[in-house]
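Peer 1: Sequence:
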Amino acid sequence: MGGLALIARSAGHKVTGCDMGVYPPMSEQLKEQGIEFTDGFQEDQINLNPDLYIVGNVVTRGNPLMEAILEKGLPYTSGPQWLGDHILREQYVLAVSGTHGKTTSSSMLTHILQCAGLEPNFLIGGIAKDFNISARFTPDSKYFVIEADEYDTAFFDKRSKFVHYHANIAIINNIEYDHADIFPDLKAIENQFHNFVRILPRNGTLIVPSKDETVARILTRGLYCDKVEVGPDGAWSYSNVSDSTESFDILRNGEKIGSIKWKLTGIHNIKNALSCIAAADIIGIEPDKACEYLSKFSGIKRRMEVLGNPKNITIYDDFAHHPSAIATTIDGLRKKVGDARIIAVLEPRSNTMKLGTMAKLLPQALINADEIYIYGELNGKHALGWTPEEIFGPKTNVHIFHNIEELKSAILNVAVPNDHIVIMSNGSFQGLHRKLLSELEKN
1 MGGLALIARS
11 AGHKVTGCDM
21 GVYPPMSEQL
31 KEQGIEFTDG
41 FQEDQINLNP
51 DLYIVGNVVT
61 RGNPLMEAIL
71 EKGLPYTSGP
81 QWLGDHILRE
91 QYVLAVSGTH
101 GKTTSSSMLT
111 HILQCAGLEP
121 NFLIGGIAKD
131 FNISARFTPD
141 SKYFVIEADE
151 YDTAFFDKRS
161 KFVHYHANIA
171 IINNIEYDHA
181 DIFPDLKAIE
191 NQFHNFVRIL
201 PRNGTLIVPS
211 KDETVARILT
221 RGLYCDKVEV
231 GPDGAWSYSN
241 VSDSTESFDI
251 LRNGEKIGSI
261 KWKLTGIHNI
271 KNALSCIAAA
281 DIIGIEPDKA
291 CEYLSKFSGI
301 KRRMEVLGNP
311 KNITIYDDFA
321 HHPSAIATTI
331 DGLRKKVGDA
341 RIIAVLEPRS
351 NTMKLGTMAK
361 LLPQALINAD
371 EIYIYGELNG
381 KHALGWTPEE
391 IFGPKTNVHI
401 FHNIEELKSA
411 ILNVAVPNDH
421 IVIMSNGSFQ
431 GLHRKLLSEL
441 EKN
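Residue 429 in the working numbering is what sits at position 429 of the sequence shown, and the numbering runs on without skipping anything.
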């Protein structure tokens, strides 16, 4: 919603907003861009008298401001609906979807187009370091890169967001079960991706991973545009991967067409790169140039972002919250740091993780970490609906906390030079990252 606010303002509208607990980096971005926002959803905000209310998907019936809007019959719509109707219809849209890697891939693709001189518009669910902003819109730009989410649009529109986006090129990175708060099973998610695929235009292109059974199953239900496969046995693949996964070659139809050497780690990011290079090729960007551009890609805030290295203790901030993403994050770091000690600090804060639907997968997801710290609130809206002690059992390297200050102290007591502390949450984690940095820097 913060990125959408930037786009609306760039389109010539005056924009204000409200949310609960806006935290960095989005809060900082909004302030830097001069967009005012209010904490909370008070009914008296109706006095601002806007021409239109754009309603985020966190808003439900019972929200004081939403109830006032409905009672007074005021005009409202969802963010995806407004974006699709007023912005994306006039753009060539490159939409990046999938359970994992959307933000990183969207940022990679935007970076490629920017380096190629195309000045793309974009809306990304994070902040790319190369742009230091999550969204941009200028009417004169032809291309629009968008992170296409399968989560529902709004309480009054239960379709996935991406059906509103008028995609010309669509990337599906992967599909797993997620969002247990709104999807009962994987089949329900497959239905939404099927809806997405079947509205792609005949002159469009769908880019998908090869050898992905879930994606293949969806495509058997109908595909009406060109398809490009990436990965093993696909038209685009990779080889010659270094031990740290920080360098590799890109192949098209089995022939090397470029190499990438960058700061990112993990096979998952190599796969992300393949899809982006394939998409860029469709709009005329030479693959060798795309490889050159990606070698300069700086990464994303909150995606294995190095926050500091006080006393040679490296602290990372990562958005991982799904067990697969957690495992991928830790595995990628392990390949990079070798035998150095990895301290994984996890707040299972997403709706899916709070419900406990995938809690039993966490021990295996964290198996490559040397020390594991789990934090869960006992009360309030972020309280866990399951007991970490029962899931992890009596393991000596697993430490469970329900108080943030006690968690901070415990980590500080064990951290030594050459440690790598990975803090994973899709929320603010009550500023734990900065608290650790502050203590380590002053002692």
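None of these hints come from the bench; they were simulated from the model. Be aware that one or more of the hints could be misleading.
Derived DSS-like pairs (lysine-lysine); straight-line CA-CA distance at most 27 angstroms [said to hold, decoys possible]:
| id | residue 1 | residue 2 |
| --- | --- | --- |
| 1 | K72 | K14 |
| 2 | K129 | K263 |
| 3 | K336 | K395 |
| 4 | K335 | K381 |
| 5 | K142 | K360 |
| 6 | K336 | K263 |
| 7 | K142 | K296 |
| 8 | K381 | K129 |
| 9 | K227 | K311 |
| 10 | K227 | K142 |
| 11 | K289 | K263 |
| 12 | K296 | K360 |
| 13 | K360 | K381 |
| 14 | K14 | K263 |
| 15 | K435 | K311 |
| 16 | K261 | K336 |
| 17 | K256 | K335 |
| 18 | K211 | K395 |
| 19 | K395 | K360 |
| 20 | K187 | K360 |
| 21 | K129 | K31 |
| 22 | K256 | K336 |
| 23 | K289 | K336 |
| 24 | K263 | K311 |
| 25 | K142 | K187 |
| 26 | K435 | K31 |
| 27 | K14 | K31 |
| 28 | K311 | K335 |
| 29 | K211 | K227 |
| 30 | K227 | K263 |
| 31 | K360 | K129 |
Peer 1: Looking back at the hints listed earlier, which ones does the structure fail to meet?
Peer 2: Hints 4, 5, 8, 9, 12, 14, 18, 25, 30 and 31 not satisfied by this model.
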